[in-house]
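Q: One letter stands for each residue in the lines below.
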Amino acid sequence: AQKITQTQPGMFVQEKEAVTLDCTYDTSDPSYGLFWYKQPSSGEMIFLIYQGSYDQQNATEGRYSLNFQKARKSANLVISASQLGDSAMYFCAMREGGAQKLVFGQGTRLTINP
Amino acid sequence: NAGVTQTPKFRILKIGQSMTLQCTQDMNHNYMYWYRQDPGMGLKLIYYSVGAGITDKGEVPNGYNVSRSTTEDFPLRLELAAPSQTSVYFCASSYEAGYSATIYFGEGSWLTVV
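Sequence order for the protein chains is A and B. Quick note: the first sequence uses the working numbering, first residue 1, plus one each step. Quick note: the second sequence uses the working numbering, first residue 1001, plus one each step.
Here chain B stands alone, though its shape is the one from the complex (with noise of 0.2 Å):
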């Protein structure tokens, strides 16, 4: 059972380049989302998105970009990267919207920028 992959898992950055992580889903959920995770916290939303071609801020959105051309994907872009971006990263994903969904969560990705 894949579920929501991502990738990499670990990724060492220096202030000011750029990166992709990557997020694909095989549960054909149209809602998608970013979240970050700093150390001793609980996740905080980056983006969303309710459908292909649809996507939409979160509450911490600066610093980040994303898009969505299929159901499966969900990529998240840092650009010029911060040391402030030094976090867990979780792709997730639900079937439907409505507070009874349940959302399902990859693995996580670690990034530190130095």
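In isolation and in its complexed conformation, chain A is listed as follows (with noise of 0.2 Å):
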């Protein structure tokens, strides 16, 4: 069975400063996705990164980098240079080969500090 586990309920972090946000997960799958969404306060999901189970490389863009540890089923979210609009909650995702759900973690409040 998939599972997405996101250890940091919480997260305060200075402006300016880089942070990682955590994210394990659980599949039996060789073939999946996993993927980084953005909640403001305002409510939307917001799409940040992906990184699929075959890329050789980690994924980046712009500020936002994915540390992707295969081995230890690990896709940790790397921003770099956090800004006060950081502030919000961030879910890891993960979408099995064939599977028509996107299985969410619990999400990390990620709160920027001026």
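Hint data in this document are derived by calculation from the structure and do not stem from the laboratory. One or more of the hints may lead you astray.
Unchecked claim - A few chain A residues facing chain B, derived, Cβ under 10 Å: (1) Gln8; (2) Pro9; (3) Val13; (4) Ser87; (5) Ala88; (6) Gln106.
Unchecked claim - Below, computed lysine-lysine pairings styled on DSSO-like, alpha-carbon distance capped at 27 Å: (7) Lys1044(B) to Lys73(A); (8) Lys3(A) to Lys1044(B); (9) Lys1044(B) to Lys1057(B); (10) Lys1044(B) to Lys70(A); (11) Lys1057(B) to Lys70(A); (12) Lys3(A) to Lys1057(B); (13) Lys1009(B) to Lys101(A); (14) Lys1014(B) to Lys1057(B); (15) Lys1044(B) to Lys1009(B); (16) Lys3(A) to Lys101(A); (17) Lys101(A) to Lys70(A); (18) Lys101(A) to Lys16(A); (19) Lys101(A) to Lys73(A); (20) Lys1044(B) to Lys1014(B); (21) Lys101(A) to Lys1014(B); (22) Lys1057(B) to Lys1009(B).
In this text, all values refer to a predicted model and were calculated from it rather than measured experimentally. All C-beta atoms in this analysis are idealised placements derived from N, C-alpha and C, irrespective of residue type, glycine included.
Fit chain to chain and form the complex, with the hints in mind.
A: See below:
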């Protein structure tokens, strides 16, 4: 069965510092995709970054990068040079090959302090 | 850029009432989804559709119905509303299936059943 674990309910970081949000996953399917979404206080779900199980390099999108450690089943989100606007809930999610559903973790609330 | 549009944004229902959450997308995506998000939790799949005329159940379909008469529209019907259906509902879409397909979400609909 799929499972996504985010062990950090909340994190507090000073502005301009880098931050790592943890995500571990559990699947027996060799084909899967890992996603990170941002949910600001306004409520919408914003897609940030994607990593495929066969991708050799870590995904990057601007200030976001994904630290993908396949053997450890870990897909941590790294935000460089954090900004006040990064304060939000962050969700890690996984989709197995052939599966319709995207399975979400419980999220991490990130607060950026000025 | 419209993307995925949901209405209404907020709604209060009395126990036993029925209502329809509307969802439309203008990206010509074949795949559409309805998720619900309970407080402090990640999202769970209610129903999905792989194309016009084809729908299927997700993890938590009880108490809901869907239809897909066009590629663009995927309404979610709540029959006999119950307090347990108090949640935030997200409609989403993707161009294709498969583990690498990014799912794009609407802005959410906040539903309270009293």
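Q: Compare the structure with each hint and give your call.
A: Consistency of the hints with the structure:
Below 10 Å, beta-carbon pairs count as interface contacts, and Gln8(A) has none with chain B, the closest being about 14 Å; its hint is therefore violated. The restraint placing Pro9(A) at the interface with chain B holds, with a minimum CB-CB distance near 9 Å, inside the 10 Å limit. Taking 10 Å as the C-beta contact cut-off toward chain B, the hint placing Val13(A) at the interface is violated, the least distance being around 21 Å. Annotation: Ser87(A) was flagged as interfacial toward chain B, and the flag is violated, the nearest CB pair being 17 Å apart, outside 10 Å.
Using the Cβ-Cβ criterion of 10 Å, the hint placing Ala88(A) at the interface with chain B is not satisfied: the shortest such distance is roughly 14 Å. Hint status for Gln106(A): holds, given a least beta-carbon distance of 5 Å to chain B, under 10 Å. About 22 Å separates the Cα atoms of Lys1044(B) and Lys73(A), which keeps this hinted pair within 27 Å; it holds. With a C-alpha separation of about 13 Å, the suggested pair Lys3(A) and Lys1044(B) falls inside the 27 Å cut-off, and the hint holds.
The hinted pair formed by Lys1044(B) and Lys1057(B) meets the criterion: a straight-line CA distance of about 12 Å does not exceed 27 Å. With a C-alpha separation of about 25 Å, the suggested pair Lys1044(B) and Lys70(A) falls inside the 27 Å cut-off, and the hint holds. Proposed proximity of Lys1057(B) and Lys70(A) is contradicted: the alpha carbons are some 31 Å apart, above 27 Å. Taking the CA atoms of Lys3(A) and Lys1057(B), the gap is about 19 Å. The hint holds against a cut of 27 Å.
About 24 Å separates the Cα atoms of Lys1009(B) and Lys101(A), which keeps this hinted pair within 27 Å; it holds. Proximity of Lys1014(B) to Lys1057(B) is assessed by CA-CA distance (about 25 Å); at most 27 Å being required, the pair is judged to hold. This hinted pair checks out: Lys1044(B) and Lys1009(B) have alpha carbons roughly 19 Å apart, not beyond 27 Å. For a cut-off of 27 Å, the pair hint linking Lys3(A) to Lys101(A) stands: about 12 Å separates their Cα positions.
Between the alpha carbons of Lys101(A) and Lys70(A) the distance comes to roughly 21 Å, so the proposed pair stays at or under 27 Å and holds. For the suggested pair Lys101(A) and Lys16(A), the alpha carbons sit about 35 Å apart, so the restraint of at most 27 Å is broken. Taking the CA atoms of Lys101(A) and Lys73(A), the gap is about 19 Å. The hint holds against a cut of 27 Å. A C-alpha spacing of about 23 Å is found between Lys1044(B) and Lys1014(B), which places the hinted pair at or below 27 Å, so the restraint holds.
Using a Cα cut-off of 27 Å, the hinted pair Lys101(A) and Lys1014(B) is violated, with the two alpha carbons roughly 30 Å apart. Annotation: proposed proximity of Lys1057(B) to Lys1009(B) holds, straight-line Cα distance about 24 Å (limit 27 Å).
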